[in-house]
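S.K.: Sequence:
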Amino acid sequence: MNDTPEKPTAAKKAPAKRTTTKAPAKKTAAKAVAKKTTATKTTAKAAAEKVPAKKAPARKPESRTALVRRARRINRELAELYPYAHPELDFTNSFELLVATVLSAQTTDMRVNQTTPRLFAVAPTPEDMAALPPEELEELIRPTGFFRAKTKSLLGLSAALRDRFGGEVPGRLEDLVTLPGVGRKTANVVLGNAFGVPGITVDTHFGRLARRFGWTTQEDADKVEADVAAIFPKSEWTMLSHRVVFHGRRVCHSRKPACGACPIAPLCPSYGEGETDPEKARKLLKYELGGQPGQRLKPPADYPGQPAPPMAPPAAAS
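Just so we're aligned, residue 1 is where the sequence shown starts under my numbering, counting upward by one.
The hints are simulated quantities; they were obtained by calculation from the structure and are not laboratory data. Predicted model, so just to flag it, every value in this text is computed and none were measured. Heads up, the beta-carbon is just placed ideally off N, CA and C, and yes, glycines get one too. Accuracy of the hints is not assured; some may be wrong.
Unchecked claim - Computed Cβ-Cβ distance ranges for the label pairs, DEER-style: (1) 234 x 282: 31 to 37 angstroms; (2) 93 x 280: 40 to 46 angstroms; (3) 92 x 177: 20 to 26 angstroms; (4) 234 x 121: 16 to 22 angstroms; (5) 80 x 143: 33 to 39 angstroms; (6) 146 x 313: 21 to 27 angstroms; (7) 80 x 127: 17 to 23 angstroms; (8) 313 x 86: 25 to 31 angstroms.
The whole structure should be built from the sequences, with the hints applied where relevant.
M.R.: So this is what it looks like as structure tokens:
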């Protein structure tokens with residue numbers, strides 16, 4: 001008699017078999033749902049990328065007419081902000097202005113103004129300056145930096161004025177630029193402020209602001225001058241130069257412009273390059289706007305700030 005419990009064994013195995021076959025089915029179904037959900041999200045994301053949300057319309061390029069109008073309005077605003085704008089070098093005649101402008105390279109106008117009183121006391125004319133020994137002239141202008149190169153320029157231009165122009169500073173650009181150490185920038189400073197001949201002075205401040213204002217994209221000073229000259233009437237060139245340089249020294253600094261304290265911010269396409277918080281921006285203002293001394297020892301009567309202090313006397317040798 002065979003009483004081996006085959007059927008009960010089969011009965012016990014059957015549920016286990018059904019259990020193992022159903023589990024993968026559930027996992028497969030879950031994976032399918034997850035895959036479908038992921039595919040749906042991916043499709044939605046792709047659709048969103050393909051059809052982006054509505055954006056603000058891009059600003060149209062500024063027309064030439066609009067640029068000229070905006071530029072001239074900036075000039076009017078600067079004229080109201082700086083009605084006292086002036087050349088920030090002390091001088092009493094064209095020769096002093098010429099010498100001071102040559103000395104102003106790579107230094108501040110204040111440092112030049114603190115240096116020139118001693119210089120002009122010793123050499124008030126081209127003849128006097130041309131006769132100075134190089135070592136003596138170097139010592140007189142040493143505080144302005146690069147004194148050896150500047151000494152060479154001053155001796156050369158003084159001798160040229162003495163020999164070719166009768167000891168007088170010429171009033172023509174083509175003559176001025178033949179003098180040693182004199183380029184278009186220096187010539188325009190002298191012409192505009194000593195002879196009343198309009199000129200645009202492209203120094204580092206003017207070039208920086210002209211680019212920030214969108215008046216030019218050029219880096220070369222002569223090209224900047226040409227671009228700006230085409231925007232403004234000739235009669236405005238000299239005072240425009242003073243106003244822009246004033247603004248560059250006081251508000252629109254090179255590294256950190258005081259955008260939040262700038263009255264012409266609404267007209268400036270570069271707004272936001274500097275500090276926009278009004279309180280923080282006000283702390284960046286310089287010279288009379290920041291309650292500090294100006295650059296001239298003898299500023300014009302209408303200048304609202306303090307004059308620059310004279311240079312401290314050299315310490316006595318012990």
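S.K.: All hints, please: hold or fail.
M.R.: Structure-based check of all given hints:
Our hint of 31 to 37 angstroms for residue 234 and residue 282 holds, since their Cβ atoms are close to 36 angstroms apart. Between residue 93 and residue 280 the C-beta distance comes to about 43 angstroms, which sits within the given range of 40 to 46 angstroms. A C-beta distance of roughly 24 angstroms is found between residue 92 and residue 177, which places it inside the suggested range of 20 to 26 angstroms. Here the CB-CB span from residue 234 to residue 121 is close to 37 angstroms, at odds with the stated 16 to 22 angstroms.
Distance hint check: the CB atoms of residue 80 and residue 143 are about 36 angstroms apart, consistent with the given range 33 to 39 angstroms. A beta carbon spacing of about 23 angstroms between residue 146 and residue 313 agrees with the range 21 to 27 angstroms that was offered as a hint. Restraint check, residue 80 to residue 127: a C-beta distance of roughly 44 angstroms breaks the suggested window 17 to 23 angstroms. Take residue 313 and residue 86: their Cβ atoms lie about 28 angstroms apart, and the range 25 to 31 angstroms holds.
The structure is inconsistent with the numbered hints 4 and 7, although it conforms to all the rest.
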